[in-house]
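**Student:** Each chain is listed here by its residues.
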Amino acid sequence: MRLLRNYVPQLTLLPSLILVAITVYGFIALTMVLSLTRSKMLPRFDRWEGFSNYLKVWNHPRWEVALENFAIFGILYIGGTLLIGLVLAIFLDQRIRIEGSLRTIYLYPMALSFIVTGVAWQWIMSPDLGLERAFHIWGWESFRFDWIKQSDLAIYCVVIAGVWQASGFVMALFLAALRGVNQEILSAARMDGASGPSIYWHIIIPALRPAFLTAIVVQGHLAIKSYDLVVALTRGGPGFSTELPSTFMYEFTFSRNEMALGASSAVMMLVLVMVLIVPYLYSELRNER
Amino acid sequence: MSVEVTNPRSGRAIANRIMVYTFLLLAAALFLMPLAAMVFTSLKSMPEITGAVGFENNTILTPPRAPTLEAWSTAWSSACIAVACDGLRVYFWNSIVMVVFAVTLSVGLGAVNGYILAKWRFRGDNIIFGMLLFGCFIPFQIVLIPMARLLGILDMAGTLSGLIFVHMCYGIPFTTLFFRNFYVTIPDELIKAGRIDGAGFWSIFLLILVPVSWPIFVVSIIWQFTNVWNDFLFGASFAGADARPLMVALNNLVNTSTGTKAYNVDMAGAMIAALPTILVYVVGGRYFVRGLTSGAVKG
Amino acid sequence: MAQLTIDNVSKVFGSTSVLQDISIEIDAGEFLVLVGPSGCGKSTLLNMVAGLLTISGGQIRFDGDRIDNLEPKDRNIAMVFQSYALYPAMSVEKNMAFPLRMAGFSKEDQTQKVQEVADLLQISHLLKRKPAALSGGQRQRVAMGRALVRDPKLFLFDEPLSNLDAKLRVDMRTEIKRLHQRLGTTILYVTHDQVEAMTMATRIAVMEGGIVQQFGTPAEIYDHPANTFVATFMGSPAMNLIDAVVSPDQQHLQIGAVNVPMPPGVKAPAAGTKVKLGLRPEWFGVGDKAEGTFDMPVRVDLIEPTGPDMYVSVKLDGQSVMTRLPAGSDVTQNSDCTLRVALDKAPIFDAETGLALYA
Ligand SMILES: Nc1ncnc2c1ncn2[C@@H]1O[C@H](COP(=O)(O)OP(=O)(O)OP(=O)(O)O)[C@@H](O)[C@H]1O
Ligand SMILES: [Mg+2]
Numbered sequence: 000m001r002l003l004r005n006y007v008p009q010l011t012l013l014p015s016l017i018l019v020a021i022t023v024y025g026f027i028a029l030t031m032v033l034s035l036t037r038s039k040m041l042p043r044f045d046r047w048e049g050f051s052n053y054l055k056v057w058n059h060p061r062w063e064v065a066l067e068n069f070a071i072f073g074i075l076y077i078g079g080t081l082l083i084g085l086v087l088a089i090f091l092d093q094r095i096r097i098e099g100s101l102r103t104i105y106l107y108p109m110a111l112s113f114i115v116t117g118v119a120w121q122w123i124m125s126p127d128l129g130l131e132r133a134f135h136i137w138g139w140e141s142f143r144f145d146w147i148k149q150s151d152l153a154i155y156c157v158v159i160a161g162v163w164q165a166s167g168f169v170m171a172l173f174l175a176a177l178r179g180v181n182q183e184i185l186s187a188a189r190m191d192g193a194s195g196p197s198i199y200w201h202i203i204i205p206a207l208r209p210a211f212l213t214a215i216v217v218q219g220h221l222a223i224k225s226y227d228l229v230v231a232l233t234r235g236g237p238g239f240s241t242e243l244p245s246t247f248m249y250e251f252t253f254s255r256n257e258m259a260l261g262a263s264s265a266v267m268m269l270v271l272v273m274v275l276i277v278p279y280l281y282s283e284l285r286n287e288r
Numbered sequence: 000m001s002v003e004v005t006n007p008r009s010g011r012a013i014a015n016r017i018m019v020y021t022f023l024l025l026a027a028a029l030f031l032m033p034l035a036a037m038v039f040t041s042l043k044s045m046p047e048i049t050g051a052v053g054f055e056n057n058t059i060l061t062p063p064r065a066p067t068l069e070a071w072s073t074a075w076s077s078a079c080i081a082v083a084c085d086g087l088r089v090y091f092w093n094s095i096v097m098v099v100f101a102v103t104l105s106v107g108l109g110a111v112n113g114y115i116l117a118k119w120r121f122r123g124d125n126i127i128f129g130m131l132l133f134g135c136f137i138p139f140q141i142v143l144i145p146m147a148r149l150l151g152i153l154d155m156a157g158t159l160s161g162l163i164f165v166h167m168c169y170g171i172p173f174t175t176l177f178f179r180n181f182y183v184t185i186p187d188e189l190i191k192a193g194r195i196d197g198a199g200f201w202s203i204f205l206l207i208l209v210p211v212s213w214p215i216f217v218v219s220i221i222w223q224f225t226n227v228w229n230d231f232l233f234g235a236s237f238a239g240a241d242a243r244p245l246m247v248a249l250n251n252l253v254n255t256s257t258g259t260k261a262y263n264v265d266m267a268g269a270m271i272a273a274l275p276t277i278l279v280y281v282v283g284g285r286y287f288v289r290g291l292t293s294g295a296v297k298g
Numbered sequence: 000m001a002q003l004t005i006d007n008v009s010k011v012f013g014s015t016s017v018l019q020d021i022s023i024e025i026d027a028g029e030f031l032v033l034v035g036p037s038g039c040g041k042s043t044l045l046n047m048v049a050g051l052l053t054i055s056g057g058q059i060r061f062d063g064d065r066i067d068n069l070e071p072k073d074r075n076i077a078m079v080f081q082s083y084a085l086y087p088a089m090s091v092e093k094n095m096a097f098p099l100r101m102a103g104f105s106k107e108d109q110t111q112k113v114q115e116v117a118d119l120l121q122i123s124h125l126l127k128r129k130p131a132a133l134s135g136g137q138r139q140r141v142a143m144g145r146a147l148v149r150d151p152k153l154f155l156f157d158e159p160l161s162n163l164d165a166k167l168r169v170d171m172r173t174e175i176k177r178l179h180q181r182l183g184t185t186i187l188y189v190t191h192d193q194v195e196a197m198t199m200a201t202r203i204a205v206m207e208g209g210i211v212q213q214f215g216t217p218a219e220i221y222d223h224p225a226n227t228f229v230a231t232f233m234g235s236p237a238m239n240l241i242d243a244v245v246s247p248d249q250q251h252l253q254i255g256a257v258n259v260p261m262p263p264g265v266k267a268p269a270a271g272t273k274v275k276l277g278l279r280p281e282w283f284g285v286g287d288k289a290e291g292t293f294d295m296p297v298r299v300d301l302i303e304p305t306g307p308d309m310y311v312s313v314k315l316d317g318q319s320v321m322t323r324l325p326a327g328s329d330v331t332q333n334s335d336c337t338l339r340v341a342l343d344k345a346p347i348f349d350a351e352t353g354l355a356l357y358a
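Quick note, the sequences are listed as chains A, B and C, same order. Those letters in the first sequence? Residues 0 to 288, per numbering that gives the first Met the number 0, in order. Those letters in the second sequence? Residues 0 to 298, per numbering that gives the first Met the number 0, in order. Those letters in the third sequence? Residues 0 to 358, per numbering that gives the first Met the number 0, in order.
Please keep in mind that the hints were generated in silico from the structure rather than gathered at the bench. Hints may be right or wrong, so weigh each one.
[What the hints assert, rightly or not] No farther apart than 20 Å at their CA atoms in a straight line, the calculated lysine to any residue pairs in the SDA-like style are these:
#1 Lys72/C <-> Asp187/B
#2 Lys106/C <-> Ala131/C
#3 Lys152/C <-> Gly197/B
#4 Lys129/C <-> Leu150/B
#5 Lys72/C <-> Asp118/C
#6 Lys93/C <-> Leu69/C
#7 Lys93/C <-> Ser212/B
#8 Lys273/C <-> Thr216/C
#9 Lys93/C <-> Asp118/C
#10 Lys148/A <-> Leu205/B
#11 Lys129/C <-> Val209/B
#12 Lys93/C <-> Gln58/C
#13 Lys148/A <-> Gln182/A
#14 Lys72/C <-> Leu205/B
#15 Lys127/C <-> Thr259/B
#16 Lys93/C <-> Thr259/B
#17 Lys72/C <-> Thr259/B
#18 Lys39/A <-> Ser202/B
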């Protein structure tokens with residue numbers, strides 16, 4: 000009884016640990032195993048394929064498009080949210096009278112689901128009735144905005160919707176970090192003769208380094224997961240021109256009954272995430288001690 | 000923190016102020032534009048939207064000339080989603096039930112876990128924390144296939160309880176992280192005092208810590224609420240026809256291609272799906288950002 | 000009230016040994032102060048007595064009964080923390096009643112007891128407030144009140160006054176001492192402030208580097224420091240340690256060219272031994288020569304008036320010596336002068352081991 004009491008914390012933690020052990024680590028292992036089999040609609044473990052599924056995925060034209068799109072989307076989405084978030088935060092930080100309302104306006108898209116965002120932007124970007132028509136009626140007859148219908152430009156529509164949705168969150172991160180910059184350092188810099196812009200460039204922005212890191216990790220992570228946005232905005236189309244790794248995985252696993260291929264692509268996604276996250280986690284945990 | 004660029008009274012300073020405000024207001028307009036388009040469209044009739052006779056000058060950003068709640072009521076109770084024509088109503092309640100249970104369970108467990116990991120140090124606790132943290136960062140595609148099997152084995156395939164279970168599992172790492180990082184900022188002496196005063200593991204938690212934890216409860220609840228409410232991947236993968244959450248239904252509604260596309264109904268549906276989380280953000284958003292930046296996600 | 004025995008207790012964190020073979024014994028009703036520099040293990044020892052940390056070796060006994068394997072709540076102790084550790088969400092009243100509530104006292108008993116203690120500490124008017132609405136001194140009182148309601152056999156204090164400003168600290172010091180005399184409880188009190196130790200303790204344990212350097216009454220510690228660490232740690236300004244060599248006749252100490260008579264209370268070591276002569280700043284004076292004093296030729300370096308006294312830093316054969324002279328003493332900066340110094344209590348220490356050499 001006494002022994003039991005001494006282990007109350009560990010015992011209380013145990014159920015959650017078991018859950019996570021199974022549903023995170025166990026499932027990752029299972030997916031990895033599946034990726035080496037010849038599973039189609041159902042998992043089967045009687046035939047081993049080695050790494051040939053990975054090769055199949057890697058050489059699949061749709062995967063190629065998915066990776067290319069992911070690179071475009073990832074870079075522009077992260078870069079865009081960071082840039083817009085930073086500029087908004089710096090401007091908002093100039094003793095703006097209506098700061099509270101503006102902050103809420105910039106932040107509200109974060110509350111929306113990617114599905115809602117996708118539905119809304121699909122409507123806005125539709126050439127027949129959306130923005131294009133609006134500009135025509137306002138008198139700009141030659142205005143063209145039909146990217147969503149064009150295979151080579153549709154991915155940029157996904158970028159626009161994504162950046163619109165997430166910039167406010169990055170702004171909030173940066174704003175909090177700006178408020179935390181040491182006032183005395185700023186006063187010292189001003190006494191040393193630094194002017195406004197150079198204070199930002201040389202002192203404040205470097206001080207935001209941790210916020211940049213957090214923002215990059217959070218946004219990169221969202222980019223890899225962004226399945227819903229593409230589904231709602233373009234359904235992967237036109238054709239499969241806005242395919243992303245996440246839609247590829249879903250399509251092959253659940254629509255085409257190529258479970259082993261789906262599993263292989265999921266493992267590759269995990270590797271992508273790890274490349275991004277592990278250095279971050281490592282530095283976080285090291286700073287803790 | 001703000002940098003005074005120049006003497007506030009000089010002409011350049013005033014020009015600067017004007018520039019800053021112009022930029023911020025323009026940005027605000029851009030951020031609000033999609034919302035305006037959604038709201039306006041949802042209040043219009045189809046002829047007005049398509050610019051039929053009498054509405055030739057209508058654009059997505061023109062306020063409705065003849066506002067009507069027709070589309071809202073259709074989206075809510077009679078729009079056709081796949082084969083059923085009962086609107087989003089049923090799915091809305093599915094989502095509510097799902098959110099209530101999933102949020103309660105994951106936040107409750109996360110609070111206890113965070114308390115243990117922050118205040119009852121034991122050998123290996125850091126490794127366990129690291130392992131939990133990792134769970135926040137996996138792409139969920141990696142667990143979809145095995146989870147589908149597990150739900151089948153547990154006889155929860157296609158059910159709401161199955162979805163709740165999934166959201167609970169993948170919410171625990173986040174809530175644990177939030178609470179743990181909050182509780183490490185609370186002085187250990189409080190726990191020591193509690194132990195000396197005769198409080199045990201649970202009374203210290205419930206009587207001493209929980210009453211001061213409301214900021215992090217707000218953060219965790221908002222986080223979990225928006226994540227679960229807005230989720231599409233798990234819903235699309237695991238929910239059967241009866242248990243479909245709202246986001247999946249909305250996507251089906253928008254992409255049901257029978258007859259002409261009813262943009263006003265689509266937008267009303269999107270608004271219905273968006274309102275709960277917008278409400279949560281407007282009410283608690285301030286605490287959310289404050290809490291998130293002051294420990295939950297360190298920046 | 001209880002007799003507390005700490006018997007050969009040690010503590011190891013992982014592979015670092017923090018406390019080694021600590022043995023302290025105090026009688027019921029004593030006021031024991033653990034004093035020492037930061038990081039020497041005072042809090043660790045206190046936490047082990049409280050039961051908040053396990054002990055790695057040895058025993059802790061209360062009136063002869065082992066308590067080192069009991070839960071904190073079963074040890075019949077109460078503790079006051081440096082940060083007060085008041086429960087932020089509870090009112091003062093609830094805070095003070097909390098130990099009683101945990102022990103299962105009835106509501107009426109709780110209220111009555113809390114009222115009693117609140118009257119004693121003069122905090123009755125604060126009972127409804129939350130800790131956040133209290134000043135530092137008031138929080139301190141509430142923390143003490145919460146400890147008092149249980150009538151514990153032993154009180155533990157971990158630097159309870161170090162978060163207060165100087166004036167409040169002095170007031171509370173007096174108050175705790177008065178409370179101790181009135182209630183007669185046994186107290187174990189941790190501080191790094193040697194003035195607190197001197198004024199409050201019935202006995203002091205001076206700790207450093209995980210061991211007890213000296214254990215004794217304040218007078219013993221002050222007048223007969225066991226080694227150079229205790230000598231310099233207790234007293235402000237610190238005792239001067241002057242390098243000297245025992246003269247061939249063993250009757251004097253040679254400090255360069257100055258020959259100081261061997262102090263009366265010491266055991267003179269062999270001729271030629273290197274020692275340190277301990278001189279407290281207040282043993283110096285100006286004016287006429289008196290019985291048992293020695294005239295010391297020095298050069299005045301720096302004068303710092305403090306009001307009633309002045310701290311005068313002088314050079315004696317190249318070594319810096321801090322002295323404390325009455326205000327208005329006739330000394331001028333950068334001039335030679337003669338100070339007389341009382342040697343009757345002066346200790347000497349072995350230069351190598353640092354141990355005092357008493358007769
Ligand atoms: N949990 C722990 N793990 C490892 N080392 C520890 C731990 N707790 C304390 N120590 C170490 O033990 C030593 C003694 O710490 P302790 O807190 O007892 O010092 P202290 O005398 O109370 O100091 P202070 O006056 O600063 O409060 C320190 O060197 C500290 O670093
Ligand atoms: Mg301490």
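**Student:** Indicate, hint by hint, whether the structure satisfies it.
**Tutor:** Hints and how they fare:
Our distance criterion of 20 Å between C-alpha atoms is met by Lys72/C and Asp187/B, whose separation comes to about 17 Å. Distance check on the hinted pair: Lys106/C and Ala131/C sit about 25 Å apart at the alpha-carbon level, beyond 20 Å; violated. Between Lys152/C and Gly197/B the CA atoms are separated by roughly 15 Å; this keeps the pair inside 20 Å, and the hint holds. Taken as a hint, the Lys129/C and Leu150/B pair is broken in the structure, with Cα atoms around 49 Å apart against an allowance of 20 Å.
For the suggested pair Lys72/C and Asp118/C, the alpha carbons sit about 25 Å apart, so the restraint of at most 20 Å is broken. Straight-line distance between C-alpha atoms of Lys93/C and Leu69/C comes to about 26 Å, which puts the hinted pair past the 20 Å bound. Taken as a hint, the Lys93/C and Ser212/B pair is honoured in the structure, with Cα atoms around 18 Å apart against an allowance of 20 Å. Taken as a hint, the Lys273/C and Thr216/C pair is broken in the structure, with Cα atoms around 29 Å apart against an allowance of 20 Å.
Proximity of Lys93/C to Asp118/C is assessed by CA-CA distance (about 16 Å); at most 20 Å being required, the pair is judged to hold. Distance check on the hinted pair: Lys148/A and Leu205/B sit about 57 Å apart at the alpha-carbon level, beyond 20 Å; violated. Simply put, Lys129/C and Val209/B have alpha-carbon atoms about 16 Å apart, close enough for the 20 Å limit, and the pair holds. Between Lys93/C and Gln58/C the alpha-carbon distance is near 35 Å, which puts this suggested pair outside the 20 Å criterion.
A threshold of 20 Å between alpha carbons decides the hint, and for Lys148/A with Gln182/A the separation of about 51 Å lies outside it, so the pair is violated. For the proposed pair Lys72/C and Leu205/B, the alpha carbon gap of about 18 Å is at most 20 Å, so the pair holds. With a C-alpha separation of about 67 Å, the suggested pairing of Lys127/C with Thr259/B is violated against the 20 Å cut-off. Simply put, Lys93/C and Thr259/B have alpha-carbon atoms about 67 Å apart, too far for the 20 Å limit, and the pair is violated.
For a cut-off of 20 Å, the pair hint linking Lys72/C to Thr259/B is broken: about 74 Å separates their Cα positions. With a CA separation close to 52 Å, the supplied pair Lys39/A and Ser202/B exceeds the 20 Å bound.
Violated hints for the displayed structure, listed by number in ascending order: 2, 4, 5, 6, 8, 10, 12, 13, 15, 16, 17, 18.
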